[in-house]
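Line by line, the protein sequences are chains A and B.
Residue numbering for the first sequence follows the UniProt record's numbering, beginning at 1 and increasing consecutively.
Residue numbering for the second sequence follows the UniProt record's numbering, beginning at 1 and increasing consecutively.
If you're looking for bench data, these hints aren't it; they were derived computationally from the structure.
All values derive from a computational prediction rather than experimental measurement.
Some hints could be false.
Pairs of lysine-lysine, BS3-like flavour, derived with a Cα cap of 27 Å [what the hints assert, rightly or not]:
| id | chain 1 | residue 1 | chain 2 | residue 2 |
| --- | --- | --- | --- | --- |
| 1 | A | 525 | B | 260 |
| 2 | A | 22 | B | 525 |
| 3 | B | 22 | A | 555 |
| 4 | A | 570 | B | 311 |
| 5 | A | 323 | A | 124 |
| 6 | B | 22 | A | 724 |
| 7 | A | 555 | A | 724 |
| 8 | B | 555 | A | 574 |
| 9 | B | 555 | A | 22 |
| 10 | A | 555 | B | 657 |
| 11 | A | 724 | B | 128 |
| 12 | A | 536 | A | 555 |
Selected chain A positions facing chain B (Cβ under 7 Å, derived; list incomplete) [claimed, not checked]:
| id | residue |
| --- | --- |
| 13 | 465 |
| 14 | 595 |
| 15 | 717 |
Now the stretches of chain B that chain A is said to cover, found in silico as 3 or more residues with beta-carbon under 8 Å [as the list claims (entries may be wrong)]:
| id | stretch |
| --- | --- |
| 16 | 319 to 327 |
| 17 | 439 to 451 |
| 18 | 554 to 563 |
Where a beta carbon is used, it is the ideal one built from N, C-alpha and C, also for glycine.
Protein chains: 2
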Amino acid sequence: FESHDYDPIDNDVEEEARRSRKRGEYAEYETWKWLMSVLIGLVMGLIAFTVDGLIEKFNDIKFGAATSVIERDRSARFGAWFVFVALACLLAAVAGAFVSYVEPLAAGSGIPEVKTYLNGVHLKGLLKLRTIIAKLGGIAFSIGSGLIAGKEGPFVHGGGLVGGGLSAFGSHTLGFKTHKPACFRNDADKRDFVAIGTSAGVAVAFGAPIGGMLFTLEEGASFLSNSMMWRAFLATCTGVLVTHWLNQLDFDAGDFARAKFGTHRDFGLYTDDEANYSRIFWWYFWEVPIFAAVGCLGGLAGAFFVNVNVKITMWRQSWIPVKNRARRHLEVVFICFVTATLCFVLTAASPCRRDAIRTQFFRQLYCDDGEYSAYGQLFFSPLSQSFKYLLHLGEVGEFGGDAQNPGQHAFDMDALILYWLIMFTLMTWTYGIGAPTGLFVPSLTVGAAMGQIVGRTVHAAVASTGSTLTIDLHTYAVIGAAASLGGATRMTVSITLLVMETTGAMQLIIPLMITIFFAKTVGDKYSYGIYDTHIKIRGAPFLNEPELTGPGLDKLRVNEVMAANMVSLKPIAKVRDVVDALTRTSHGAFPISEDDPPGTPGNPGETIELHGSITRGLLLKMLTHRVSFFNPAIEGGRDRRDALYETATERDELLEKLKQIPFKSPGIEAIAPSLSRGDMELSMDLTRFMQRHPFIVHADARLSRAYRLFRTMGLRHLYVTPSKPQIVGVVTRKDL
Amino acid sequence: FESHDYDPIDNDVEEEARRSRKRGEYAEYETWKWLMSVLIGLVMGLIAFTVDGLIEKFNDIKFGAATSVIERDRSARFGAWFVFVALACLLAAVAGAFVSYVEPLAAGSGIPEVKTYLNGVHLKGLLKLRTIIAKLGGIAFSIGSGLIAGKEGPFVHGGGLVGGGLSAFGSHTLGFKTHKPACFRNDADKRDFVAIGTSAGVAVAFGAPIGGMLFTLEEGASFLSNSMMWRAFLATCTGVLVTHWLNQLDFDAGDFARAKFGTHRDFGLYTDDEANYSRIFWWYFWEVPIFAAVGCLGGLAGAFFVNVNVKITMWRQSWIPVKNRARRHLEVVFICFVTATLCFVLTAASPCRRDAIRTQFFRQLYCDDGEYSAYGQLFFSPLSQSFKYLLHLGEVGEFGGDAQNPGQHAFDMDALILYWLIMFTLMTWTYGIGAPTGLFVPSLTVGAAMGQIVGRTVHAAVASTGSTLTIDLHTYAVIGAAASLGGATRMTVSITLLVMETTGAMQLIIPLMITIFFAKTVGDKYSYGIYDTHIKIRGAPFLNEPELTGPGLDKLRVNEVMAANMVSLKPIAKVRDVVDALTRTSHGAFPISEDDPPGTPGNPGETIELHGSITRGLLLKMLTHRVSFFNPAIEGGRDRRDALYETATERDELLEKLKQIPFKSPGIEAIAPSLSRGDMELSMDLTRFMQRHPFIVHADARLSRAYRLFRTMGLRHLYVTPSKPQIVGVVTRKDL
């Protein structure tokens with residue numbers, strides 16, 4: 001793992017460029033930042049529309065083919081099973097192939113990876129074009145195949161990729177590059193766009209502009225600013241707007257100008273003809289403790305899920321390692337086979353029941369005419385459709401479901417319990433396989449089933465007292481969904497809003513908040529959230545919020561953890577020494593000092609005088625392009641050193657060459673051979689390229705102070721001074 | 001102006017206490033932080049319910065009395081005018097008295113003050129109990145009086161007061177103090193609670209839990225963390241929930257257990273019997289550019305409002321200064337007189353019209369039977385009621401207003417234009433007077449009128465092409481309201497959400513975003529936002545986001561702005577020298593150094609060795625309590641110095657005495673006389689009380705680097721080192 005350096009570069013050349021920058025260039029930079037955010041939203045809207053279309057198509061084919069076989073002959077079960085499972089496995093095979101043979105980083109939800117990146121840890125290949133294609137292509141197939149997976153996580157990752165990619169104004173993989181404003185040259189800008197892309201990804205996947213923005217705030221961003229938040233919101237709104245419009249165009253191309261937005265459900269995971277946000281959900285004040293209990297249940301279930309999934313992941317790491325492509329690919333197909341078979345068998349073995357209302361809306365499948373399949377409606381539907389049935393969205397009025405008058409999609413208790421148990425198991429098993437799979441929709445669906453079960457129980461209890469009070473099962477389904485997702489991920493504000501926006505349940509926002517609060521509190525007692533757990537399993541050095549790090553930081557001092565074995569370079573260094581330092585160590589940055597390293601014969605003390613700091617990446621680039629090489633022995637050598645560039649254009653070209661995207665240059669092993677013996681004897685002037693003023697901290701300061709500084713400023717290195725520095729002045733608020 | 005120091009205290013005594021702190025105490029601290037947030041929400045909910053009740057009562061009395069006079073005799077106008085204006089002026093006089101004679105800081109909206117506080121600038125008396133009483137008591141009277149004012153700003157301030165006050169576990173004014181967890185001892189904790197209180201204040205005023213949370217994020221917090229955000233959300237939800245429940249108890253005490261929350265409008269500025277969120281708002285894709293244009297209009301109107309209000313404020317500062325209580329009081333009554341008279345005259349002079357639907361819902365007032373008063377419905381209603389009429393909330397179905405079939409509260413164009421112009425003028429005049437007055441509701445109302453006017457115009461244009469397309473005037477009213485508020489305040493995400501939650505227009509979130517984006521962009525061209533403008537007028541040294549500070553910071557260096565004339569103290573200082581330094585300068589902090597100040601005979605150089613830093617507040621407290629005084633000449637003097645305390649309890653008491661709430665101790669003028677000549681000759685040991693590791697920055701670093709550090713860490717002082725410090729090591733991510 002390497003770290004990103006989100007502290008802006010600040011060397012002499014950069015500073016010269018900055019001082020000469022005109023007002024117009026600042027304005028251009030600002031404009032591009034906003035345009036880019038709109039563009040990210042736009043692209044994500046298009047992608048969401050395309051992927052949704054593909055998923056729908058795949059589902060139509062798979063369920064359509066199986067249903068038509070069933071309808072041809074209701075007694076022969078093998079044929080339909082074969083068609084259904086074969087199609088599912090075929091799709092799963094494609095999804096798995098994207099991961100195993102195109103890009104392994106496309107596996108799973110991608111949220112832990114993006115979270116790690118935004119925190120400042122580099123993962124190789126995370127933001128490559130190939131990854132985005134594998135991820136967003138793969139997700140359509142893995143959802144189409146019926147794997148217990150959602151599109152949200154992959155869309156988060158995809159959004160990050162789009163953000164990072166668009167802002168790079170070019171692609172490494174495609175090997176092209178366009179002219180771009182001179183300012184997007186550093187990691188921090190790129191990180192901002194990745195964060196914005198992430199927001200847009202969540203937003204288009206859920207149709208939730210606020211939730212998307214808050215997701216990034218909550219999960220990713222230790223570097224928030226208002227203008228970032230606002231740009232993220234612009235991107236999420238643009239994305240959702242574009243999906244709306246495309247959906248509408250698709251649906252109602254004839255008279256687009258008369259299409260009324262707002263009277264049907266534009267938001268959320270589904271669109272309905274008529275939006276019934278306001279009628280469908282209600283609750284009583286005495287239900288609040290029950291919601292809290294559902295939250296606790298969700299927290300426990302979430303912790304159980306995490307702990308079991310950790311065990312499975314450990315097992316998987318030893319038996320199905322990422323390197324073993326074939327076995328990994330096979331696992332995906334196998335899980336899909338099991339999932340599809342289970343769903344089919346339960347559908348085929350489902351009891352058949354009669355009910356005046358439900359018979360109109362439930363599918364018949366293997367049942368006689370006039371009966372409905374009790375399990376088939378849930379098990380023989382795409383996951384997100386089952387979720388919708390569980391929430392009872394789209395029902396209102398006389399068929400609207402409360403517990404007295406079950407609505408058109410009121411399931412029997414046995415179907416609910418079966419669905420809950422089986423889907424929970426499959427979800428736990430599936431998370432982490434070698435296909436793009438998100439966790440949100442599975443977790444929400446499982447939770448909605450749980451909520452319904454609780455709601456029925458509450459209704460039975462109320463009815464047993466002789467009361468005729470009506471209980472709203474919709475509300476319980478939504479609350480259960482939120483509890484489940486909150487228990488698994490431990491996100492808070494963003495889940496509240498995602499669930500609110502997805503279901504349209506603005507009235508439920510406070511019950512949702514309370515539920516999720518309990519889910520998180522209880523869950524945190526027994527495990528970390530699933531994403532943090534997976535980050536831990538990977539071993540990435542993730543920096544949590546200072547508030548969550550516990551007492552240790554309060555009690556340690558900086559000099560108890562710092563590294564004192566610094567390898568320093570001279571301001572005018574021999575190329576040989578630079579190459580040597582790069583080869584001998586894997587340090588990410590080198591202090592620049594005239595002094596010899598501490599503890600050597602030339603410097604018996606413990607300190608060196610810090611002139612500046614230079615990163616490994618920059619040194620590698622300087623070696624590659626032979627920047628600032630000179631021969632001090634030759635007359636005019638020093639002149640050549642000073643003449644790095646003559647015009648502003650040459651300077652900008654130089655800066656572009658050396659720009660702070662550290663991980664795309666070849667390693668020192670690749671560069672060293674290209675340097676001749678003669679080159680090795682030359683000198684390099686590092687003074688104009690070093691960061692002159694890296695952040696510093698006292699050796700005996702509390703570690704929590706260093707931690708706050710490190711995390712807030714997005715640093716990669718923090719130099720440590722002895723405890724009593726010399727000072728020349730003080731800056732107060734008024735000076736600024 | 002003094003600055004707050006949000007950097008946690010970090011001296012030896014504090015550190016000793018911290019090292020001995022047990023896991024249980026950390027847990028207690030954590031628990032209190034959450035409990036306190038719930039408590040803040042609870043209290044704000046109660047306050048909102050009480051203030052709302054008062055306002056309603058006042059409005060009932062005022063309009064009730066006037067209406068009954070009108071109904072007794074429709075021809076005599078003077079009597080009703082007298083009753084109406086006299087009652088209004090009486091209420092205004094009480095509101096003005098709260099400000100002029102109780103606490104001047106209760107004037108206005110309070111948002112600029114709270115914003116300044118959260119940014120780190122101390123305003124004397126901002127968070128006193130007297131202020132909260134004057135503010136929240138006053139707001140009920142000023143709204144009741146009919147001044148063009150809203151309750152939101154004062155609730156923001158009130159929330160901050162409640163947050164700050166509750167977390168202090170006692171009151172300076174009441175002179176009591178309770179036992180409290182040992183950890184809420186510093187400015188940063190207090191600031192967090194003030195921020196949470198602010199959120200709760202917005203939330204209960206608007207019934208908007210998300211908007212409340214985001215308001216603080218956007219306006220106040222440069223110090224966000226997830227756990228803060230989540231605690232703020234907990235507080236807003238608790239607050240809104242409590243208001244719901246109290247309202248419900250009040251309304252439906254008979255069968256509270258059966259009261260269904262969610263089927264009526266629980267949210268927003270108003271409650272309705274039936275929530276019609278989903279049916280009432282719609283829009284067409286081609287209206288998006290029109291919404292953008294409304295946004296531009298709102299931005300222009302907002303900039304005009306700000307610029308004119310600045311002129312008025314300037315004039316007010318010279319003619320009606322805060323010191324001149326009587327004149328200030330009189331102004332409030334006078335403005336109220338003008339406002340009430342204008343409203344009454346327009347009502348009395350209103351044209352009377354006939355319309356089958358409207359006659360049922362509009363008031364008759366001075367019109368003949370069967371007719372309705374065209375202006376009276378708008379002008380002769382409380383402001384927030386007119387706002388509701390303009391939005392057409394509560395209408396649906398056959399009376400639902402679109403432009404073809406105007407609903408029950410469809411106003412005539414002349415009434416709308418008159419209302420818009422007059423209310424805009426009154427709002428501009430009123431903002432800044434000596435009574436508690438918020439800006440949100442006036443600005444929203446004016447904007448809603450503007451939106452309606454635009455909507456009518458669009459409808460006329462569409463109809464003139466022969467089209468029968470229906471236009472939704474509700475949508476235009478909401479969009480106009482958002483444009484107006486956005487143009488005046490330049491808030492973005494939080495206004496989008498406040499308006500969405502207030503109106504229930506979840507479907508309009510994207511059009512709202514677009515409108516507000518344009519309002520802000522256009523407005524920013526011509527003025528700052530109203531709050532920032534008032535902060536500037538006060539001259540407070542407010543630190544904006546780094547991204548908004550312009551190129552200057554990029555081009556300056558730290559040593560170009562820093563103060564080099566430091567006054568330093570010795571680690572073991574004479575009491576006389578300390579008193580002398582405090583008297584001679586008004587510096588907020590003093591570096592501790594063995595060296596003489598730079599440039600003096602004892603130290604010809606430019607630097608001093610920094611041992612630590614001590615704040616003025618702490619020195620004053622040490623002098624007051626004679627902490628760490630000793631006589632070095634006497635045998636055992638040094639021992640006495642070391643024996644500051646013997647047990648942990650004594651240590652905690654000492655820390656409590658010295659705690660970092662800097663502005664409540666008397667000044668040096670008050671303390672100095674209490675020190676005898678003998679005292680003056682004693683020494684003080686500052687080493688155990690100084691902050692040993694203040695943040696430092698390089699003299700030749702870019703100013704933007706210092707700025708980021710300063711703002712993000714909430715510093716008060718930043719010491720400047722020469723450019724090449726000694727270092728002993730480096731900290732990287734892995735070390736943390």
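Evaluation of the provided hints:
Between residue 525(A) and residue 260(B) the alpha-carbon distance is near 34 Å, which puts this suggested pair outside the 27 Å criterion. Taking the CA atoms of residue 22(A) and residue 525(B), the gap is about 19 Å. The hint holds against a cut of 27 Å. In summary, the hint linking residue 22(B) to residue 555(A) is supported, as the alpha carbons are separated by about 11 Å, within the 27 Å threshold. For the given pair, residue 570(A) sits about 60 Å from residue 311(B) by alpha-carbon distance, which is inconsistent with the 27 Å threshold.
Restraint check for residue 323(A) and residue 124(A): the C-alpha separation of about 16 Å stays at or below 27 Å, so the hint holds. The suggested pairing of residue 22(B) with residue 724(A) is violated, with an alpha-carbon distance near 31 Å, which exceeds 27 Å. Of the supplied pair hints, the one linking residue 555(A) and residue 724(A) holds, its CA atoms being roughly 21 Å apart against a limit of 27 Å. A threshold of 27 Å between alpha carbons decides the hint, and for residue 555(B) with residue 574(A) the separation of about 32 Å lies outside it, so the pair is violated.
About 11 Å separates the Cα atoms of residue 555(B) and residue 22(A), which keeps this hinted pair within 27 Å; it holds. For the suggested pair residue 555(A) and residue 657(B), the alpha carbons sit about 23 Å apart, so the restraint of at most 27 Å is met. Among the hinted pairs, residue 724(A) with residue 128(B) is inconsistent with the structure: their alpha-carbon atoms are about 40 Å apart, more than 27 Å. A C-alpha spacing of about 23 Å is found between residue 536(A) and residue 555(A), which places the hinted pair at or below 27 Å, so the restraint holds.
Taking 7 Å as the C-beta cut-off, the interface hint given for residue 465(A) is violated, the closest approach to chain B being about 12 Å. Contact between residue 595(A) and chain B, as hinted, is not supported at the beta carbon level, the nearest pair being about 9 Å apart and thus beyond 7 Å. Against a cut-off of 7 Å between C-beta atoms, the interface hint on residue 717(A) holds, since the closest Cβ of chain B lies about 6 Å away. Coverage of the stretch 319 to 327 of chain B by chain A is violated [criterion: at least 3 residues with CB-CB distance below 8 Å; count 0].
With 0 residues having a beta carbon nearer than 8 Å to a beta carbon of chain A, the stretch 439 to 451 of chain B misses the requirement of three or more and the stated coverage is violated. A count of 7 residues in the stretch 554 to 563 of chain B with a Cβ less than 8 Å from any Cβ of chain A is obtained; the coverage claim is therefore met, three being the minimum.
Hint check: violations occur at hints 1, 4, 6, 8, 11, 13, 14, 16 and 17; the rest are consistent with the structure.
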